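Keeping their order, the protein sequence lines are chains A and B. Numbered per the numbering used here, the first sequence spans residues 1 to 289. Numbered per the numbering used here, the second sequence spans residues 1001 to 1253.
Note that these hints are calculated values from the structure, not bench results. Predicted model only: the values in this text are computed from it and were never measured. There could be a bad hint or two in this list.
Stated by the list, open to error - To give an idea of the interface, some chain B residues facing chain A are shown, with a C-beta separation under 7 Å as derived from the structure: (1) Glu1083; (2) Arg1086; (3) Met1091; (4) Val1097; (5) Phe1099; (6) Pro1100; (7) Thr1113; (8) Arg1115; (9) Gly1119; (10) Val1166.
Idealized CB from N, CA, C, for every residue including glycine.
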Amino acid sequence: MTQLAKTPVLLQRRVMNALFQVVCGLCAILAILILGYVLWFLLSQGITYFKPSFFTNLPDNVNPALGGIKHSIIGSLNLLGIALCISLPIGILSGVYQAESSGKLSHVVRFLTDVLNGIPSIVVGLFVYAIWILPYALKHPGQGYSGIAGGTALGIMMIPLVMRTTDEMLRLVPQSLWDASLALGTPRWRTMLLIVLPAARNGIVTGVMLALARVSGETAPLLFTVLGNEFLGPITGPTDALPLRLYKYATSSDPVQNSMAWSTALTLLLIILILSILARFLTRAGKRI
Amino acid sequence: MQTVPCVTVKNVSFWYGINQALFDINMVIPQHAVTAFIGPSGCGKSTFLRCINRMNDRIDGAKMTGTIQLNDQDIRDRTVSVEALRRTVGMVFQKPVPFPMSIYDNIAFGPRTHRLASGRMLDELVEKCLTDAALWDEVKDKLKSSAMALSGGQQQRLCIARTLSVSPDVILMDEPCSALDPNSTHRIEELITRLKTDYTVIIVTHNLQQAKRISDVTGFFLRGELVEFGPSETVFTTPTRTETDDYINGRFG
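Same shape as in the complex, but just chain A:
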């Protein structure tokens, strides 16, 4: 009865197996290589001006090499802070609604969220410009561009991302966990708040960090909203941000500033890295167990 001898079918299967293993492996290596090359390139180019004065000084037009991007870093952090303040409550609460309701409205909301997700970032910038900055500037000439408007534009971009992750992560929480809590006579809201949301917390934090990383590099919406600034401006006026600074330096005629564009890009990358690590650390520490 034993049929363990190598038949042609078995041989063919082995060949296919080996072939696909090699192809998949090569693709994986390629993906890592590309990422590694980008990082290495950024590091090798950006390290030149990566020194303390770069982070503590403002741009210096007389001696560009002594200049820094302190105001861009602060500006970017402010923008991301505002974007978080706007997108976290709206995104997470609407994600909870999405995960918990099955009515017609929830289908409509999910569809519209996907549409919102697909809107090019420059359109979001234009939108904020048209409904906020332009009317304001018409009433108060010379004013209008502000960090708050820019943060809002980034926040609008983050809402569908945060909402979608929250929805998906909540759906991954097993029904048995719901049942166990409800069977104790726990009201639905308390089950959601104390059992289900904490169980989904890590996934939600990861999703939020990805969204934050994505919008932190957005340049287009900022062109219409925060304008850019050579000085450290208040958040209620034109401010600078890292992507804007990068764009400005990269297109500058000064070779020193061209080189500084790489350092700016490296700084942006590091900030995202630090925020990600911080978020991981905080969720681990915040977890009761």
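We have chain A already, so just place chain B on it with the hints.
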């Protein structure tokens, strides 16, 4: 054995959408006794169990007719809050589901929800529940560590302790031992036998020997109908229906 009725079931039928899962169930479940439901898979015994604490409410398209009374109170009455009902009728599931938090917090969760105790009183309540569930000695030194690290049998006893923590009258158990090894099963069976002095226990089981060992009353379900219901010794030795006889003697199911 004539005892006080605890749960009275009248003409209960149940549908998942258009599929009828239960047909005209009638029974009186005695207080402070262990009642076991047996029957082949898909016969409706779990569905019926979940009717008693209204866990089926969340299922879309589910419909129930008839009445279930808990101590003469219709559990589906407008004035009954489902939270209060589930506090009175606790439930232990097939797979142990500890909350992803510490052992202490697992037990304290229910009492905190219903504001039953706090501080010193809560500590005592947690100790009492864990002791009643025969788990205290094993976990008393690691109350603050994660409940997820316990073994399967310990987790199930933790879930029983958690159910006891909100002082229910009735405890529903849906195949509580089917995911456990024989030793853990034995400990849980001992526990169930002890629990019946203070609680009414209703258990669904696939294990006929288990039903025979621990139950006072047995109900046999088949294709959504309650075929036989009576004292366990009668059901297991001289059943009135041939289907029951066939099932408990392993001729089908």
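Tested hints:
no. : hint    : result
1   : Glu1083 : holds (4 Å)
2   : Arg1086 : holds (4 Å)
3   : Met1091 : holds (4 Å)
4   : Val1097 : holds (4 Å)
5   : Phe1099 : holds (6 Å)
6   : Pro1100 : holds (6 Å)
7   : Thr1113 : holds (5 Å)
8   : Arg1115 : violated (12 Å)
9   : Gly1119 : violated (18 Å)
10  : Val1166 : holds (6 Å)
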